[in-house]
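Place chain P on chain W using the hints.
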Amino acid sequence: MFVLVVGSGRVGSAIAKSMLAEGHDVSVLDENPEAIALLNRGQDLSWEDLGGSFTVGTALEIDALLAAGIDRADAFVASTDGDNTNLVIAQIAQRRFDVERVVVRVLDPGRARWYAEQGLQTVCPTQTAIELLEAAVRGQISFEGVSG
Amino acid sequence: MYILIVGAGKVGWNLARELVEKTNEVIVIESSRRRYEVVEEELEHSIQYGDGTELWVLERAGIERADLVIAVTGDDEDNILICQMAREKYGVDRVVARCNNPRNLQHFELLGVKPAISATDLILRLIEHEVPKYGLVHLLDLKEERLEIIEMEVAEGSAADGAKVADLGLPDGSLVISILRDGGGFVPKGDSVIRADDEVLLVLDIGLEDSVTERFSRRAPATSADFR
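Heads up: the sequence lines are chains W and P, in that order.
Its first residue numbered 315, the first sequence is counted upward by one per residue in our numbering.
Its first residue numbered 1338, the second sequence is counted upward by one per residue in our numbering.
Next comes chain W alone, as it looks inside the complex:
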């Protein structure tokens, strides 16, 4: 499948790398040209030599999204550092480009919950952390090293 990841920070770059390693076509869009460093890090070959593509551009610009291949994406990951940007581009991917699988990262649990109710597949790291930490405090779970 063809995966488009918008926002190549820690989260976006990690997803992009695993998807590429699993043999998918992966395109990454980030407004910062330096962001490719995270994609190259820890790999034997550069991101582009491995077959990944990288586009520099602003997430909200349709031209940038098109250059990164949104019109042929099977899956779309919105993982920029802005909750509102992620929620807007995820809806663009879903409603305008009919991307089949759209996932969006939202740090604020309030917005995450409401947009999830509206039909967006939303991942809220804050909510996940709260639940894990609470469970660990109550002794319902215990783990060594980093959970997850």
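Please keep in mind that the hints were generated in silico from the structure rather than gathered at the bench.
Heads up, a few of these hints could be off.
[As the list claims (entries may be wrong)] Straight-line distance between alpha carbons at most 20 Å, and here's what the computed SDA-like set of lysine to any residue pairs gives:
#	chain 1	residue 1	chain 2	residue 2
1	P	1426	W	424
2	P	1526	P	1496
3	P	1480	W	410
4	P	1426	W	435
5	P	1426	W	422
6	P	1451	W	409
7	P	1426	W	427
8	P	1426	W	434
9	P	1480	P	1454
10	P	1451	W	410
11	P	1480	P	1456
12	P	1426	W	428
13	P	1426	W	433
14	P	1426	W	430
15	P	1426	W	423
16	P	1480	P	1540
17	P	1426	W	432
18	P	1480	P	1510
19	P	1426	W	409
[Stated by the list, open to error] Restraint-style ranges between C-beta atoms, simulated for each label pair:
#	chain 1	residue 1	chain 2	residue 2	range
20	P	1479	W	410	17 to 25 Å
21	P	1347	W	371	24 to 32 Å
22	P	1339	W	357	50 to 58 Å
This structure is a prediction, so every number in the text was calculated from the model and none was measured.
C-beta: ideal position from N, C-alpha, C; glycine also.
Relative to the frame of chain W, chain P by itself:
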């Protein structure tokens, strides 16, 4: 009327002033502490500090009972979300959004946020109106009705120059609604004669622009050399 304004930049602050003067109840939300403190000196209890894209901040400001929500921050994605949540989550009847980058207007439309107002777009229109370089001015686009009202300058030697309105052969779905001449204007009849340098106002179905405008412009098509 209870009005909630998100963003206390120049636009938000001045809007708040005007709307308070018109005896509305107004609350402004501003996310920069510094800006908040500056504006608070004047607006006092009418401004609240916080991120107006967070639900609890909107709720604290009483968004549920707002008659109108105005999103005028400097970030289009924020303005879109605020208005989308105001309308769909909190049932606010009327929203107005500022669109900072006119290229983002399509996103406002896609997500049902309207009206979205782009200052850049408005100024561009005014420039078109003041400097009708191409002889054509869009006066009004009625998008939902799929109609537009345009203004055309009648070029000397064009098909319309010296012709009666009835003989223009305009396509169905277009109509000359007035002729502006010598500082005045009138509503023409079929036998009114159009002259060079008149300005004509037409209402037409979207998409007819090209076939209509060619009757009012000079016949020789412009070449790229004209723009060099």
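Hints and how they fare:
| no. | hint | in the structure |
| --- | --- | --- |
| 1 | P/1426 with W/424 | holds (12 Å) |
| 2 | P/1526 with P/1496 | holds (18 Å) |
| 3 | P/1480 with W/410 | holds (19 Å) |
| 4 | P/1426 with W/435 | holds (18 Å) |
| 5 | P/1426 with W/422 | holds (16 Å) |
| 6 | P/1451 with W/409 | holds (17 Å) |
| 7 | P/1426 with W/427 | holds (12 Å) |
| 8 | P/1426 with W/434 | holds (15 Å) |
| 9 | P/1480 with P/1454 | holds (14 Å) |
| 10 | P/1451 with W/410 | holds (17 Å) |
| 11 | P/1480 with P/1456 | holds (19 Å) |
| 12 | P/1426 with W/428 | holds (8 Å) |
| 13 | P/1426 with W/433 | holds (14 Å) |
| 14 | P/1426 with W/430 | holds (12 Å) |
| 15 | P/1426 with W/423 | holds (15 Å) |
| 16 | P/1480 with P/1540 | holds (13 Å) |
| 17 | P/1426 with W/432 | holds (10 Å) |
| 18 | P/1480 with P/1510 | holds (15 Å) |
| 19 | P/1426 with W/409 | holds (19 Å) |
| 20 | P/1479 with W/410: 17 to 25 Å | holds (23 Å) |
| 21 | P/1347 with W/371: 24 to 32 Å | holds (29 Å) |
| 22 | P/1339 with W/357: 50 to 58 Å | holds (56 Å) |
Going down the numbered hints, you'll see the structure goes against none, and every one checks out.
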